Amino acid sequence: MRFLAEFILRSRMQAIAVAATCLMLSLLAPPVSLLAAAVVALVTLRQGWREGLNTVLASALAAGLLGAIVIGNFALPAGYGLMLWLPIWAIALALRYTRSLGWTFELVTALGLVGVAAAYLLGADVAGFWQTRMQQALRFLSGQIDFDQAQLAALARYMTGIAAAGMVSSLALSLLLARYLQALLFNPGGFRAEFLGLRLHRPMAYLALALSGAAMVLEAQAREAVVNLLLVLGVVYVVAGTAILHAIFVERGHKGWLFGLYGLLLVVPHALLPIALVGLSDAWLDWRGRFVPRDSGSD
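The opening position of the sequence shown corresponds to residue 1 in my numbering, with each subsequent residue numbered one higher.
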């Protein structure tokens, strides 16, 4: 990974080549898009807004040219690149200037919340929109129309939140990857300390509690909108909860438990809720303050 970081930062052309190539590969293997975004974030974190923006625009052009050659389509990869890289460029700038993962992740979450709120304020039938799109996708993929309409309708009600949560997750993971690569070159060990010390602020925790209470008393589309907002908020608290548990396990000498923690994150969706609750409750309970000594190197 150190070699990759050095290669990316060696010159603008090399950064563009890696970003554009990864973008094209992500059309076949979507997780590679995290690396494509991390390239732009790394350049922005290290070299500032101008070089980051130049990399975004040039990489989008390069991806479009590759697309024209490989798949006969310039607009698709170029447009996809701009949608992928412009948000991560802005978020990387926020981290560069605030030097706080907590504030930056809260900004990413706020963008997701605004997107969900706008969808419900501007759209008359948000769930109906998603249900129609999913029906079209299923017909295209399977050629069948005998899927369970009730299940499809239930899922459609929360697709806005799922989509926004996916966007927030992708931005957060790409930013963490870029920060890790930056630390490998310029601040060895710094990423570990920064991630394990990740803290969110109480106003967002109060917002999460208020929305949870609203979800219990509201009905119909109002409740649906609130639940979608909570899905977005859940992402940042899963990240925070993971950082807290990681720090505690390392300090307590339970490094083997880390495999269980990250295994649960990958294969057991129901584990996300208790981990998010750890992140949320930290605003008042300060779990690391209870279990990790202040002079510990793991925080």
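Keep in mind that the hints were calculated from the coordinates and are not lab data.
Note that the structure is a prediction, hence the values are computed from the model and not measured.
Careful, some of the hints might be misleading.
[To be verified] What follows is a set of in silico ranges between Cβ atoms, one per label pair, in the way DEER data are often shown:
id: 1; residue 1: Leu138; residue 2: Phe74; range: 43 to 51 Å
id: 2; residue 1: Glu6; residue 2: Thr98; range: 24 to 32 Å
id: 3; residue 1: Phe7; residue 2: Ala210; range: 41 to 49 Å
id: 4; residue 1: Leu65; residue 2: Ala153; range: 41 to 49 Å
id: 5; residue 1: Leu155; residue 2: Ser11; range: 25 to 33 Å
Glycine included, every Cβ here is placed at the ideal spot set by N, Cα and C.
Next item on the list: Just tell me: holds or violated, for the beta carbon distance of Leu155 and Ser11 against 25 to 33 Å?
Entry: Taking Cβ atoms as reference, Leu155 and Ser11 lie about 46 Å apart, which means the hint is violated.
Margin query: Looking only at beta-carbon atoms, does the pair Leu65, Ala153 fall within the given range of 41 to 49 Å?
Written below: Distance hint for Leu65, Ala153 holds at roughly 42 Å.
Check: Falls inside 43 to 51 Å, the C-beta gap from Leu138 to Phe74?
Finding: 29 Å, violated
Notebook entry, point to check: Per the hint of 41 to 49 Å, is the separation of the Cβ atoms of Phe7 and Ala210 within bounds?
Noted result: Because 47 Å falls inside the window, the suggested range holds.
Note to self: Given the hint of 24 to 32 Å, is the C-beta distance from Glu6 to Thr98 inside that range or not?
What the structure shows: Hint holds: Cβ distance 26 Å, inside 24 to 32 Å.
When held up to the earlier numbered hints, the structure conflicts with 1, 5 and fits the remainder.
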